[in-house]
Amino acid sequence: MATAKKTVAPKQMGPQSNEPLLPHIGPAVDVGVPYPGVAPVQITNPANTAPLTDKKLAAKMYETMCTIRAFEESVKKDFLNGEIPGFTHLYIGEEAIATGICAALKDTDLIESTHRGHGHCIAKGADVNSMMAEIFGKKDGLCKGKGGSMHIADFSVGMLGANGVVGGGYNLATGAALAQKLVLKNDHVSVVFFGDGASNRGTFHEAANVAGAWKLPVIFVNEMNSWASTTPYRTTTAVEDISDRAFGYNMPREIVNGNDVFEVYAAAVRAVERARKGEGPTFIEAKTYRIEGHFVGDPEMYRKKEETKKILEDNDPITRFEERVVKAKLMTQKECDKIRTAAIEKVAKAKEYAMSCEYPDPSEFYKDVYVD
Amino acid sequence: MRKISFAEATLEAMEEEMEKYPEVFVMGEDLARQGGIFGQFKGLGHKFPGRVMDTPISETFIVGGGVGAALAGARPVVDMHFADFIGVCMDEVFNQMAKARYMFGGQAKIPLVLRAPDGMAGGGAAQHSQSVESWFLHIPGIKVVAPSNPYDAKMVLKAAIESDDPVIYFENKVIYKESAMVPEKEDEVPYEIGKARVVREGTDVTIVSYSVGMKNANGAADLLAKDGINAEVIDLITLSPWDKETVINSVKKTHRLCLVAESVKQGGAMAEVAATVAEEALEYLDAPILRYGAPFVPIPFAPTLEKLYRIFPEDLYNGIKKVL
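So the sequences go chain by chain: A and B.
Each residue of the first sequence is one higher than the one before, starting from 1 at the first, in my numbering.
Each residue of the second sequence is one higher than the one before, starting from 1 at the first, in my numbering.
Worth flagging that the hints you see were computed from the coordinates, not collected in a lab.
Certain hints may be false.
Straight-line distance between alpha carbons at most 20 Å, and here's what the computed PhoX-like set of lysine-lysine pairs gives [what the hints assert, rightly or not]:
#1 Lys349/A <-> Lys138/A
#2 Lys185/A <-> Lys106/A
#3 Lys307/B <-> Lys185/A
#4 Lys20/B <-> Lys185/A
#5 Lys109/B <-> Lys367/A
#6 Lys307/B <-> Lys265/B
#7 Lys109/B <-> Lys47/B
#8 Lys47/B <-> Lys181/A
#9 Lys329/A <-> Lys56/A
#10 Lys367/A <-> Lys55/A
#11 Lys338/A <-> Lys56/A
#12 Lys309/A <-> Lys76/A
Produce the entire structure from the sequences given, and follow the hints as far as they go.
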């Protein structure tokens with residue numbers, strides 16, 4: 001029952017209508033052509049109501065989201081003050097995705113991150129002190145100050161690195177999954193995070209095809225935040241739901257509200273289970289919105305700031321979490337406030353720690369080019 | 001001693017390493033069933049079922065997947081079919097494979113071998129004949145090797161697989177089929193990546209090359225010997241990091257240097273050797289450095305034109321005679 005899609009209804013967060021994000025971009029166009037090859041094998045669960053019963057898990061996820069938010073706000077301030085070198089890209093408003101996905105993973109599972117990778121790093125369990133030290137380029141940073149924000153990694157928790165190349169992670173994650181299945185003989189799962197911009201890289205096709213053909217334990221997590229740098233995805237992308245492409249690789253997909261950590265988590269649990277059982281890859285499309293500019297300092301000439309502000313107000317994953325747990329009587333607002341305050345303090349301490357660290361000694365310069 | 005071909009030597013290396021290390025696996029196009037389009041993987045898929053993977057024609061996956069597998073703890077060998085196709089997956093080579101260790105502060109190891117059959121095999125023309133090793137000498141984080149004979153082919157490949165660093169292994173298509181005497185297995189000496197070998201000692205001129213270029217180096221030395229001129233011939237074997245010391249020591253002895261490679265002369269590996277000798281041992285030179293490489297032209301198809309692309313031992317012989 002491959003049905004033609006008559007209209008292209010935007011399902012992403014943000015404007016809840018066919019209204020364009022900016023008038024000159026134009027609305028999503030229905031060109032009257034069905035997407036070929038879209039088979040009804042999707043396992044999307046529109047209700048997608050993860051049971052709000054596990055208080056420990058909920059509190060942990062909330063703590064992670066608050067830590068990411070506090071971390072990003074701290075980095076933003078320090079970057080704008082000129083304290084942080086290089087480029088940095090913030091994850092504000094997208095916290096529920098990394099948090100929900102990584103909560104379903106074990107320490108031994110591996111993730112490939114993006115240039116917008118602080119959230120993935122925190123969610124996978126990296127130490128925030130060492131993270132902050134890395135972002136400031138200090139010798140006690142996760143990468144000894146050699147990577148910085150765009151190349152942050154913590155192999156000890158299975159975070160195989162942010163990647164300065166958009167779309168650089170698919171093949172790495174898929175290759176890691178292949179290695180687990182082929183020669184390392186374990187049930188570890190790989191996850192690759194990528195944005196809607198990265199979904200247009202050819203590397204997606206090559207990796208997704210292999211993952212589908214060989215049923216590899218890899219999960220493709222699309223952070224559909226509507227923006228590829230300064231370009232809105234609708235002007236460059238042939239499909240409304242990027243996960244429609246999953247069908248071309250015989251890969252089940254789920255579309256979730258990426259600002260609802262419970263939905264993301266529930267989808268991740270299902271995907272991880274499939275992967276561990278040898279049933280192959282899953283495509284999770286998490287609809288969200290990029291609240292910050294592409295990079296810190298982006299003048300954002302391409303959109304209206306008040307619009308972005310309203311989108312966050314209406315869809316903040318942290319507020320959404322609070323509303324859901326309080327309504328379900330899983331946690332109280334007071335409990336939430338306590339966790340949030342502690343997260344802010346933890347990040348403040350991480351900043352202090354980073355400030356107390358030294359920059360790398362010149363003797364480090366030639367180290368780590370080669371092992372031998 | 002025993003006689004085996006270059007291709008057989010690489011196969012022996014693969015078999016021995018796969019037996020020794022369960023985390024070694026191979027992937028690329030046409031390997032398991034076909035045995036590699038040049039037969040260099042023949043039988044490997046049957047001997048190691050599930051560890052020789054026929055990939056789709058997806059170069060970014062072949063290399064990027066290899067990098068990911070290495071990061072996860074495997075020891076992959078990936079095959080490029082033709083060295084020319086590395087262009088398809090350059091990001092995976094120079095931004096992922098080469099950078100992961102340094103930019104992650106030493107957390108990553110990338111024990112990956114990228115095998116790349118290169119060189120003119122007659123009629124391959126512009127996109128199936130190139131020797132592209134020079135591109136990779138400009139990229140810190142990668143090691144580059146290009147053996148010239150069956151014995152080195154085996155020992156260098158074994159060293160590359162055992163290395164915890166990414167190694168690009170250039171193997172020339174013409175010399176695949178050529179056989180030579182190699183030591184019995186118990187007499188083999190492990191190769192240390194980064195070491196050149198003086199294959200012929202001499203006093204009058206130093207000739208340096210690698211891979212198929214060694215045919216010209218040795219051929220020229222034979223021609224010179226007939227005139228009573230003793231050429232010292234050095235096979236670099238590793239191009240990055242290359243063995244500066246062996247070359248400079250030889251120049252200090254012979255006071256003349258002739259460099260030859262099949263790849264494009266401009267910006268080639270030999271330009272680096274020439275520049276380094278000029279920087280560090282100019283006072284030992286009694287004559288200008290001679291350098292032979294391909295003209296700055298894509299490789300043509302027609303035999304009459306392809307021939308113009310080639311260097312011959314006589315070219316070196318004539319050049320050296322003029323500076324003696």
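Restraint status (C-alpha distance of lysine 329/A to lysine 56/A at most 20 Å): 13 Å, holds
Would you check the hint for lysine 20/B and lysine 185/A, treating anything up to 20 Å between C-alpha atoms as holding? At roughly 17 Å apart (the allowed maximum being 20 Å), lysine 185/A and lysine 20/B satisfy the hint.
Take a quick look at whether lysine 109/B and lysine 367/A sit within 20 Å of each other, Cα to Cα. 13 Å, holds
Hinted pair lysine 367/A and lysine 55/A, Cα distance within 20 Å: 46 Å, violated
Is the Cα-Cα distance between lysine 185/A and lysine 106/A 20 Å or less? Holds: lysine 185/A and lysine 106/A sit about 16 Å apart, inside 20 Å.
Given the hinted pair lysine 307/B and lysine 185/A, is their Cα-Cα distance within 20 Å? Distance of about 51 Å is beyond 20 Å: violated.
With a cut-off of 20 Å on the C-alpha distance, tell me whether lysine 349/A and lysine 138/A pass. Status holds; Cα separation ~15 Å.
Please work out if lysine 309/A and lysine 76/A have their alpha carbons no farther apart than 20 Å. 16 Å, holds
Pairwise hint evaluation, lysine 56/A against lysine 338/A, where the allowed Cα distance is 20 Å at most: The given pair, whose Cα atoms are some 15 Å apart, holds under the 20 Å limit.
Pair hint outcome, lysine 307/B versus lysine 265/B [Cα-Cα no greater than 20 Å]: 16 Å, holds
Below or equal to 20 Å on CA atoms is what counts here, so check lysine 47/B against lysine 181/A. 19 Å, holds
So if I understand the rule, the pair passes when the alpha-carbon distance is 20 Å or less; does lysine 109/B with lysine 47/B pass? Since the Cα atoms of lysine 109/B and lysine 47/B sit roughly 28 Å apart, the hinted pair is violated (cutoff 20 Å).
Hints 3, 7, 10, counting from the list given before, are not met by this structure.
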